[in-house]
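These protein sequence lines map, in sequence, to chains A, B, C and D.
Residue numbers 48 to 402, in the numbering used here, belong to the letters of the first sequence in order.
Residue numbers 48 to 402, in the numbering used here, belong to the letters of the second sequence in order.
Residue numbers 48 to 402, in the numbering used here, belong to the letters of the third sequence in order.
Residue numbers 48 to 402, in the numbering used here, belong to the letters of the fourth sequence in order.
Calculated directly from the structure, the hints in this document are not laboratory data.
Don't take each hint at face value.
Same chains, same label: a pair holds when it works inside one copy or across any pair of copies.
BS3-like mimics (lysine-lysine), calculated; alpha carbons at most 27 Å apart, straight line [said to hold, decoys possible]:
#1 K147 to K279
#2 K256 to K300
#3 K256 to K191
#4 K397 to K147
#5 K353 to K98
#6 K279 to K98
#7 K87 to K271
#8 K364 to K279
#9 K98 to K302
#10 K300 to K364
#11 K279 to K353
#12 K302 to K364
#13 K279 to K58
#14 K397 to K279
#15 K396 to K269
#16 K279 to K302
#17 K191 to K279
#18 K271 to K58
#19 K364 to K58
#20 K191 to K98
#21 K98 to K397
#22 K300 to K279
#23 K191 to K302
#24 K87 to K300
Number of protein chains: 4
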Amino acid sequence: MMPVDFHFREKIPVGILGATGAVGQKFVQLLSSHPWFCVKALAASERSAGKSYREAVNWLMPAPLSIEMGNMPVLPCVPNLPCSIVFSALDASVAGEIEKSFAEAGYIVISNSRNFRTDPAVPLLIPEINIAHLDLLHYQPFGKGKIVTNPNCSVCGLALSLKPLDDQFGVEEVHVVTMQAISGAGYPGVASLDILDNVIPFISGEEEKVENEPLKIFGVLKDKAIENRTIKISAHCNRVPVSDGHLECVSVKLKGNPSREEIIECWNQFSALPQAWRLPMAPVRPLHYFHDEAYPQAKRHRELDKGMGVAIGRLRKCPLMDFKYVILSHNTIRGAAGGTILIAETMVKKGFVYW
Amino acid sequence: MMPVDFHFREKIPVGILGATGAVGQKFVQLLSSHPWFCVKALAASERSAGKSYREAVNWLMPAPLSIEMGNMPVLPCVPNLPCSIVFSALDASVAGEIEKSFAEAGYIVISNSRNFRTDPAVPLLIPEINIAHLDLLHYQPFGKGKIVTNPNCSVCGLALSLKPLDDQFGVEEVHVVTMQAISGAGYPGVASLDILDNVIPFISGEEEKVENEPLKIFGVLKDKAIENRTIKISAHCNRVPVSDGHLECVSVKLKGNPSREEIIECWNQFSALPQAWRLPMAPVRPLHYFHDEAYPQAKRHRELDKGMGVAIGRLRKCPLMDFKYVILSHNTIRGAAGGTILIAETMVKKGFVYW
Amino acid sequence: MMPVDFHFREKIPVGILGATGAVGQKFVQLLSSHPWFCVKALAASERSAGKSYREAVNWLMPAPLSIEMGNMPVLPCVPNLPCSIVFSALDASVAGEIEKSFAEAGYIVISNSRNFRTDPAVPLLIPEINIAHLDLLHYQPFGKGKIVTNPNCSVCGLALSLKPLDDQFGVEEVHVVTMQAISGAGYPGVASLDILDNVIPFISGEEEKVENEPLKIFGVLKDKAIENRTIKISAHCNRVPVSDGHLECVSVKLKGNPSREEIIECWNQFSALPQAWRLPMAPVRPLHYFHDEAYPQAKRHRELDKGMGVAIGRLRKCPLMDFKYVILSHNTIRGAAGGTILIAETMVKKGFVYW
Amino acid sequence: MMPVDFHFREKIPVGILGATGAVGQKFVQLLSSHPWFCVKALAASERSAGKSYREAVNWLMPAPLSIEMGNMPVLPCVPNLPCSIVFSALDASVAGEIEKSFAEAGYIVISNSRNFRTDPAVPLLIPEINIAHLDLLHYQPFGKGKIVTNPNCSVCGLALSLKPLDDQFGVEEVHVVTMQAISGAGYPGVASLDILDNVIPFISGEEEKVENEPLKIFGVLKDKAIENRTIKISAHCNRVPVSDGHLECVSVKLKGNPSREEIIECWNQFSALPQAWRLPMAPVRPLHYFHDEAYPQAKRHRELDKGMGVAIGRLRKCPLMDFKYVILSHNTIRGAAGGTILIAETMVKKGFVYW
């Protein structure tokens, strides 16, 4: 076995755990024509195992399910899948145990579930922000395998918008109110009677994640562990009748004293290693500032840069903190399957993947 | 002519300016069976004048237009209407001049438009909060008539939720993110292509109103003028695909240091003169706290207490300020026509109305 | 025990089976202030039994749950409830057995479930149409109890619109396409991911009901049994993102050759015994024709006449059949709980209820 | 000047009339990377003329406006544009005169407007159905130019679904109920207050178009004119809260007596000259039958085959006519801009275009 480089002759075999759910389907869609990865295993609960994927899935994606994927058998979530990497879209109620069993059997597990996000041995990764945290993998206690997690869907866009501000001006406090799409709740998820002509001002466990995950993401790796940052974050999370795309109203307090123009410049200039390496899933630019006073919007910007770009707008002075702005990012692409695949690509590029 | 008391034999004749618009219709609906007021004049633009109200209006209310109201002629907005009080639902582009002309002709003008809200001679009134500001009427420069305004639809619920906190604990800073219903934009208002499956993070002029109007409402009358308060407020305003009911995520900083239970108690106990006087449009209780973690919601609480009650929920500690909570109030009732009618009832009770 | 007349001193004790579901809640709401009936028992599945109603229910109605109803204990669905009449909103998977057990124990069961609708011994009743079918009750095989059913929610408005046409001109063929509200699917019912920005052109079992139930409703009681009519009906059923109110596009072939005006006149004049008796739940007029070319609409007409009136509009010539028109009726009031309560009132008036 | 063949060295210069409207934008989007056509002129009303396209347009498409297109100047709709073909997305109030002036000046005008659809000299074209009608162009009275129209957005999918049935079994009668997306009404079009939580059972002029346009499309060219067919069609048209994609419930009476399987086979096999020629805008297959009982759906199938494929499902016996089925087609692609571009490609291939 050899480390991957960019001239590998065969695609890397990957599997999807929880392949029939809403995020699982997004993995299937995004990976079905991936230049590096080849889906070799679709795994799901006992109830689905044994059926073809077509029979087992209630396909929700706008593009039809391909014949090839539809014919694949659904396998149980046990660590004998014919692949090197598994992407996990498992429900948190079962993800912990299953992901650990795969890691211990030598798989690279890249998970969209929350179970290992707070584990001090596990990177919580946004490749444009904290790629250095992958060094944690040298000290992981999961046998030959590895576990890496991507953050909560509301955190991805927020953290990306804060990253260049933090680098240049220092972020001290953040107030964020989210308006989150229904696809974030999975399927069947939110009942239509609850959300049609309504907003629900509560998402279980979400505010805690938004207030805490960025502290680890912006943390520093010291002595084989992440030292969390001490940014103060306050979050209100709401569910709105929008299919895809999380909108967030952000107020931020900075150490420095930049002008509005400097901030916009700093967002539009922001680029990181995934961009330099031109990773397949990486957006050309992580952040796009729009000057239209009514932008960004889910309907108009969720597909920005393959759904991996974060749209920003409405930067203005905040009477309480320093600045206010609005962000929009695609919750099942940038905030889930797409972000997780970008982690895998980063790990391949960094030499963590053998097959 | 005699001052009104509560044993008056005849109803007070009132008129509605801008009667064909969305708020105008809500006035027609709420006043059609009012115990004190009798609609004697429906006025609108030149385009509508001369038609019957039925012909002129695109009736949007859920209850059918009554035959009696439908048969009334639409009159032009000139100050010769057969009534003492005029409720104004005029568009801001014309409200200033017309309202002034009515006041100078001796009418009591109670307006939902923004034009006179910042005029130092004009009360910006929420009867449960600043009834004392009616004393400004003794010094108004509009001849024998008077002008009183009610606040922006997003301000009403917010200010009511802050009032008892301010009385007992002192409000210092407020951060609010609104999610506002489409009925707040009038008719035709927001295009369906813009709002279906979307949220629009901008409402022209709205954030300025939310940040400034409470300062006047919470101000103190000194030397024949209102001295504004100095609370610092920051607002983000969003339009969501909800028919009626504005939801607002509030973070607040207080001088005092109350417990969560003290705040809930203080909201539930809150009552003011409109309640003591049992004014027809007054809610039994202005504020209702709900313990369900997913409340309040537009769909479930907008009709609370005739649409005049403010629903509150989710009170919890804020990592940045002191507390966070969520409010819901009906934007065209509490926040527009209903609130304006309550001002009229208050003025009758206080002896400002002769007829 | 004595037959009911209209001077009874005490309200009739009633119970609700399946009280926690969407239709069950509508029963609770409509019966909470009923002039004749007093809710004495709320029954539901084993999972809910033992809790207070407040704890057991996910209250979906726009008006808040009353304290009194909220405090009632939820009982199991066994026939020892302290009441004479039970309204059934049970799921069809359990309704058959439970309803039969209540009837055999002597209760009057009036059911919104489909299980007994096709039973030749059981009336399928719309009180304005086939009150004579109550005579079937003299021959029912359920011991001392009785079972009566109300039709499918899409059938109620349709059958009412056809009744006066059939009486005066003879209905031969009907083509109907429904656009049905999400509340018709219960709770949680339709997933928001399936219906937001979408229409689903299928509702399991619905088209069969719409094509068959009217044949029994319009049937004639002969020799202790209903002889079905032979009207030919074709139905397409769709689910649309509307909260309440079923819209139906109808084309009809008649034996007679009436003019458009004669049909409108015949609808507007239609009245039946529930109207003559002024039963509490009866609409003042069952059918209301609207001349506005864009009416009827769910948003504007679902609350018509307490939600018990059927709104009709757009009558025009059909190039294939004779006439086309559109109807709108409230699916959980006229089409479910309200219609079922009207059956109970009719049975009381006809002397079928003892207590 | 030379007739086009498929080895032309330069792209054909085209212009768009009414480029700032909703359909105009869809033309811009679809033509921005077209292999044969190059957009050389964007024209709109006097109000927009003189601005850059970016300034003049309220861009509604999900993909961002390209920099190149955004920089183009908006020209007035006068026949001096630097192109050979103009695509017209003009409002019907002005389309007649402007389109005629372009034709008389020698342009090929392919129009999405209704003005010339019923003109006996003008083809009403769906390239898969009545390509022979292009022979009408030899006798047109518009000077050196030509006018061709594409049908109403609700007619395109319907007529395509009927074409193979008519060829093989003979279509005699059609009953159709449409549920049409809001994008069909242009921008701003339908007010959100009218359509959120609602269905509007009326679209001005639409039913007449659906009942009449297919008669010309299925007509036969005789003696330099189209002889209309005599199929009897009845239509009910509704507006539903869906962004894109018209759903239609169809009942059909046939001369022949095919089985369900024969009909599905006949749909799935259907192919015509645009497919044989592999025209860029042509779908691989015009008709796709889906066996899932709840398909087709706007949300899942509107993008089928580039938005040019028609999804069909739910074929079953009709108690009144012969068969019932459901179709879904994209109203602004297949039913407007895409269909119109396909006409242009067909005309190029048939040698009608010189440049």
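Each hint tested on the structure:
1. With identical chains, the CA atoms of K147 and K279 are never at most 27 Å apart, being 32 Å at best within one copy and 50 Å at best between copies.
2. When the C-alpha separation of K256 and K300 is checked against a cutoff of 27 Å, the pair qualifies both within a copy, at 20 Å, and between copies, at 23 Å.
3. In this homomeric assembly, K256 and K191 never come within 27 Å of each other (Cα to Cα): the closest approach is 29 Å inside a single copy and 60 Å across copies.
4. Taking the shortest Cα distances, K397 and K147 sit within 27 Å of each other inside one copy (23 Å), while across copies they are farther apart (64 Å).
5. In this assembly of identical chains, the alpha carbons of K353 and K98 never lie at most 27 Å apart, being 31 Å within a copy and 30 Å across copies at closest.
6. With identical chains, the CA atoms of K279 and K98 are never at most 27 Å apart, being 48 Å at best within one copy and 41 Å at best between copies.
7. In this homomeric assembly, K87 and K271 never come within 27 Å of each other (Cα to Cα): the closest approach is 34 Å inside a single copy and 61 Å across copies.
8. Taking the closest pair of Cα atoms, K364 and K279 come within 27 Å of each other both inside a single copy (19 Å) and across two copies (13 Å).
9. In this assembly of identical chains, K98 and K302 lie within 27 Å of each other by CA distance neither inside one copy nor across copies; the values are 56 Å within and 42 Å between.
10. Within a single copy, K300 and K364 get their C-alpha atoms as close as 11 Å, and across copies as close as 19 Å, so both meet the 27 Å cut-off.
11. For a Cα distance limit of 27 Å, the shortest separation of K279 from K353 qualifies neither inside one copy, at 32 Å, nor across copies, at 40 Å.
12. In this homomeric assembly, K302 and K364 come within 27 Å of each other (Cα to Cα) both inside a single copy, at 15 Å, and across copies, at 25 Å.
13. When the C-alpha separation of K279 and K58 is checked against a cutoff of 27 Å, the pair qualifies neither within a copy, at 43 Å, nor between copies, at 57 Å.
14. Neither within a single protomer nor between protomers do K397 and K279 lie at most 27 Å apart by alpha-carbon distance, with minima of 32 Å and 49 Å respectively.
15. Taking the closest pair of Cα atoms, K396 and K269 come within 27 Å of each other only inside a single copy of the chain (23 Å); across copies the shortest separation is 68 Å, beyond that limit.
16. In the homo-oligomer, the alpha carbons of K279 and K302 lie at most 27 Å apart both inside one protomer (13 Å) and across protomers (20 Å), since each shortest distance falls under that limit.
17. In this assembly of identical chains, the alpha carbons of K191 and K279 never lie at most 27 Å apart, being 37 Å within a copy and 56 Å across copies at closest.
18. For the identical chains of this complex, K271 and K58 are neighbours neither inside a copy (32 Å) nor across copies (60 Å), given an alpha-carbon limit of 27 Å.
19. With identical chains, the CA atoms of K364 and K58 are never at most 27 Å apart, being 49 Å at best within one copy and 49 Å at best between copies.
20. For the homomeric pair K191 and K98, neither the shortest alpha-carbon distance inside one copy (31 Å) nor that between copies (51 Å) is at most 27 Å.
21. When the C-alpha separation of K98 and K397 is checked against a cutoff of 27 Å, the pair qualifies neither within a copy, at 37 Å, nor between copies, at 49 Å.
22. Taking the shortest alpha-carbon separations for K300 and K279, both the intra-copy value of 10 Å and the inter-copy value of 15 Å come in at or below 27 Å.
23. Taking the closest pair of Cα atoms, K191 and K302 never come within 27 Å of each other, the shortest separation being 43 Å inside a single copy and 56 Å across copies.
24. Proximity of K87 to K300 under the C-alpha cut-off of 27 Å is found in neither arrangement, the shortest distances being 47 Å within a copy and 48 Å between copies.
Checked against the numbered hints above, the structure breaks hints 1, 3, 5, 6, 7, 9, 11, 13, 14, 17, 18, 19, 20, 21, 23, 24 and satisfies the rest.
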